[in-house]
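One-letter residues, chain by chain:
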Amino acid sequence: MSTFNIHGVAVSNGIAIGKAHLISNALLEVVHYQIEINEVTNEIKRLSGAMNEVKKDLLKIKKQLLKDSSDEFSAFIDTHLMILTDKNFSEKPKKIVSKDRCNAEWALKKQMDFFVRKFEQIEDEYIKERKNDVIQVVERILKVLLGHPNQTNQVNSESSTILVAHDISPADALQFKNHQYAAFITDMGGSTSHTAILARSLNIPSIVALQNARELIKNNEKIIVDGNQGIVIINPSKDILEEYLVRQNLWGIEQKKLSKIKNIECKTLNNKNIELLANIEVPGDILSVKENRASGIGLFRTEFLFMNRKELPNEEEQFEIYKSVAKSMRNKTVVIRTLDSGADKLTSADTTISSNPALGLRAIRLCLSEPQLFNIQLRAILRASRFGMVKILIPMLSSLSELRQTKLLIQRAKKSLSNDKILYDNNIKIGGMIEVPAVAINAEAFAQELDFLSIGTNDLIQYTLAIDRTDDRVSHLYNSLHPAILKLINTTIKAGKKYNKEVSICGEMAGDSKLTKLLLGMGLRHFSMHPSRILSVKKQVLNSNTQKLESASAKILKTKESENIETLIQKINQ
Amino acid sequence: MMKKIKIINELGLHARASSKLTKLACTFTSDISLIKDQNKVNAKSMMEVLMLAAGKNTIILLEANGPDEKEAILGIEKLFIDYFGEGE
Chain A
1 MSTFNIHGVA VSNGIAIGKA HLISNALLEV VHYQIEINEV TNEIKRLSGA MNEVKKDLLK
61 IKKQLLKDSS DEFSAFIDTH LMILTDKNFS EKPKKIVSKD RCNAEWALKK QMDFFVRKFE
121 QIEDEYIKER KNDVIQVVER ILKVLLGHPN QTNQVNSESS TILVAHDISP ADALQFKNHQ
181 YAAFITDMGG STSHTAILAR SLNIPSIVAL QNARELIKNN EKIIVDGNQG IVIINPSKDI
241 LEEYLVRQNL WGIEQKKLSK IKNIECKTLN NKNIELLANI EVPGDILSVK ENRASGIGLF
301 RTEFLFMNRK ELPNEEEQFE IYKSVAKSMR NKTVVIRTLD SGADKLTSAD TTISSNPALG
361 LRAIRLCLSE PQLFNIQLRA ILRASRFGMV KILIPMLSSL SELRQTKLLI QRAKKSLSND
421 KILYDNNIKI GGMIEVPAVA INAEAFAQEL DFLSIGTNDL IQYTLAIDRT DDRVSHLYNS
481 LHPAILKLIN TTIKAGKKYN KEVSICGEMA GDSKLTKLLL GMGLRHFSMH PSRILSVKKQ
541 VLNSNTQKLE SASAKILKTK ESENIETLIQ KINQ
Chain B
1 MMKKIKIINE LGLHARASSK LTKLACTFTS DISLIKDQNK VNAKSMMEVL MLAAGKNTII
61 LLEANGPDEK EAILGIEKLF IDYFGEGE
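Residue numbers (this note's numbering), protein chains in the order written: chain A, 1 to 574; chain B, 1 to 88.
These are computed hints drawn from the structure, not numbers from a lab. C-beta: ideal position from N, C-alpha, C; glycine also. Any given hint could be a false lead.
Quick list of simulated restraints, FRET-style, between CB atoms [to be verified]: (1) GLU91/A to LYS40/B: 17 to 27 angstroms; (2) GLU303/A to THR58/B: 57 to 67 angstroms; (3) LYS40/B to GLU53/A: 56 to 66 angstroms.
Okay, derived cross-link-like pairs now, DSS-like style, lysine-lysine, Cα gap no bigger than 30 angstroms in a straight line [stated by the list, open to error]: (4) LYS3/B to LYS415/A; (5) LYS92/A to LYS118/A; (6) LYS323/A to LYS36/B; (7) LYS128/A to LYS3/B; (8) LYS36/B to LYS45/A; (9) LYS36/B to LYS56/A; (10) LYS3/B to LYS110/A; (11) LYS238/A to LYS267/A; (12) LYS87/A to LYS23/B; (13) LYS109/A to LYS62/A; (14) LYS94/A to LYS36/B; (15) LYS23/B to LYS109/A; (16) LYS128/A to LYS56/B.
If you want the ones that stay clear, here's a sample from chain A, every Cβ over 12 angstroms from chain B, calculated [what the hints assert, rightly or not]: (17) VAL9; (18) MET82; (19) LYS87; (20) TRP106; (21) LYS118; (22) GLU123; (23) ARG130; (24) ASP133; (25) GLU317; (26) PRO357; (27) PHE374; (28) ASN458; (29) ALA484; (30) GLU508; (31) ASP512.
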């Protein structure tokens, strides 16, 4: 048994050590055999029985869903139910059993292959994708037929078990919720996949996009899942295992300490209230927002709505999603950022490939050049605004004229809603992302015309230092502690103070607990970050005295070398 | 009884619209079909409706045969005209 590592994308932090539990791909287990004529009736009965059981299961899950009020998956379950009860889906395999004398599994697979082939001929990407729903429903029936409907029941919750799967479907995700898995790892997926959202909400480590973990890992093999670094170690040697036991222990102690401060008010030693907000990618992330007691949502990215599909989302679809987030956060802030992606993500727009996409037609520039698309999103946000404390955030502003144009379009969207007699919050606050250096330098002008400012440090650093962080050859030059970056942040905070406008940071710097004290000293009072970072930043806040930090931060701002800045930061963190 | 209908909602007969259509069709006793080009599908099967892959601006033929064919055609046509309740 040799030790080896596989790398994937870490989507939920933490360390787990345990035995692999491979969730089988039922489709791979299907055996084909012919049945005798006198077995036909029984075989059909077996098939109907399995279908009924799956139907009961899905209805049960749906009922649970309503109770948990996480209606995000509900539409998926509905689709699965409709497929299951469709005569084409349920009756044809029975005919195949009696006509071709195939066993039930084989007949089901035959009919599925037929559907999949048909779906694949469809040009519409969205409808084409529905073939996966058919496959998932077939998988469920097969599992019942093969005699292991809920494999998860066999899991002994006392020993640590790590779920190894090809992918996790929404229905699976809900079932796994009630089992004590120590970690999830999957071959497929990304940071917004069901696996990722579920793992974050359960607060267990998870790594996705491992490509072929299910082939490389055997059932019951010992594995380590390092969800901080995105590494899975299979059959670890004694030394590695010991090292990881220590790390796991330290991580656990740290988490426990952090969970103790969950319900404490977020105030500094000198009694200053500090607002810690969450960044979310999809509505499902709200679970971890609440779990970590964020004081609101400081950045709701809306790109997921526009990605991986052929048709753009309509007003109703967007409205329902914004409304559900606003409602579930009740009276807490929900900052919705308008579309922040490039034209390449949108099918309706002209997709001339630019040589420099980060500097091209994207974010607010794209929205202003596609006013119809922008109007749909603005109307949807405005309509959702009366269901909570919604604010609008405009990404990638670079000039005042863009801002004024945007405000005009918001005015128009409001007017069109009034004409349609649709209610909205007329006093909705409008904020701008400070991520183009020109805007940070000129922050006062923008502070005068905006209700709040939000510094997007990731892009601000990229644009200020002219470094593409995804290019391995230059990524080491990416440096959040470059004196110029700190200056731009400082200028923005001061501008907000002068005109009495809230300033927050919503880039990665806000979630880096090593920088919390520096930023507090610079006068920052609103931080928005990944929900999993909130408690470690909060711990720093609780131990800070902003008055005392002011002079230390002022000194750092005068320092010319990044290395010296790092040393000084270590000092204030001691 | 037959009726020509133009699909006007943005996404066409995608999953949600197909499921609304199917649910409504199932409330009638008449046989109901949708015809696009040479394809004729049963309106009471979501899978068939979905696989018709009828996008925006497609013209389809709605056919109903049975005791409540009139009501069926009127009711289903209304669903199309109402953008499947999705707004524009």
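30 angstroms limit on alpha-carbon distance, applied to hinted pair LYS36/B and LYS56/A: violated (35 angstroms)
Cβ distance range 56 to 66 angstroms for LYS40/B and GLU53/A, holds or violated: violated (34 angstroms)
Least C-beta distance between GLU508/A and chain B, which was stated to exceed 12 angstroms: holds (35 angstroms)
Chain B versus ASP133/A - minimum CB to CB distance exceeding 12 angstroms, so not interface: Label violated. Min Cβ-Cβ 8 angstroms, cutoff 12 angstroms.
Hint consistency between LYS87/A and LYS23/B [alpha-carbon to alpha-carbon, up to 30 angstroms]: Status holds; Cα separation ~13 angstroms.
Range agreement (Cβ of THR58/B with Cβ of GLU303/A, hint 57 to 67 angstroms): Check failed, 29 angstroms falls outside 57 to 67 angstroms.
Assertion that PRO357/A lies farther than 12 angstroms from chain B (Cβ): At roughly 27 angstroms from the nearest Cβ of chain B, PRO357/A sits farther out than 12 angstroms, so the non-interface label holds.
17 to 27 angstroms as the expected CB spacing between LYS40/B and GLU91/A, which holds or is violated: Once the Cβ atoms are compared, 18 angstroms apart, the range 17 to 27 angstroms for LYS40/B and GLU91/A holds.
No chain B beta carbon within 12 angstroms of ASP512/A's: Given that every Cβ of chain B is farther than 12 angstroms from that of ASP512/A, nearest at about 41 angstroms, it holds.
Chain B versus LYS118/A - minimum CB to CB distance exceeding 12 angstroms, so not interface: It is violated; LYS118/A is separated from chain B by about 5 angstroms at its closest Cβ, not greater than 12 angstroms.
Exclusion check [ASN458/A not at the chain B interface, CB over 12 angstroms]: holds (33 angstroms)
30 angstroms limit on alpha-carbon distance, applied to hinted pair LYS323/A and LYS36/B: Violated. LYS323/A to LYS36/B sits at ~36 angstroms, over the 30 angstroms cutoff.
Consistency with the previously given hints fails for numbers 2, 3, 4, 6, 8, 9, 10, 11, 18, 19, 21, 22, 23, 24 and 25, ordered from lowest to highest.
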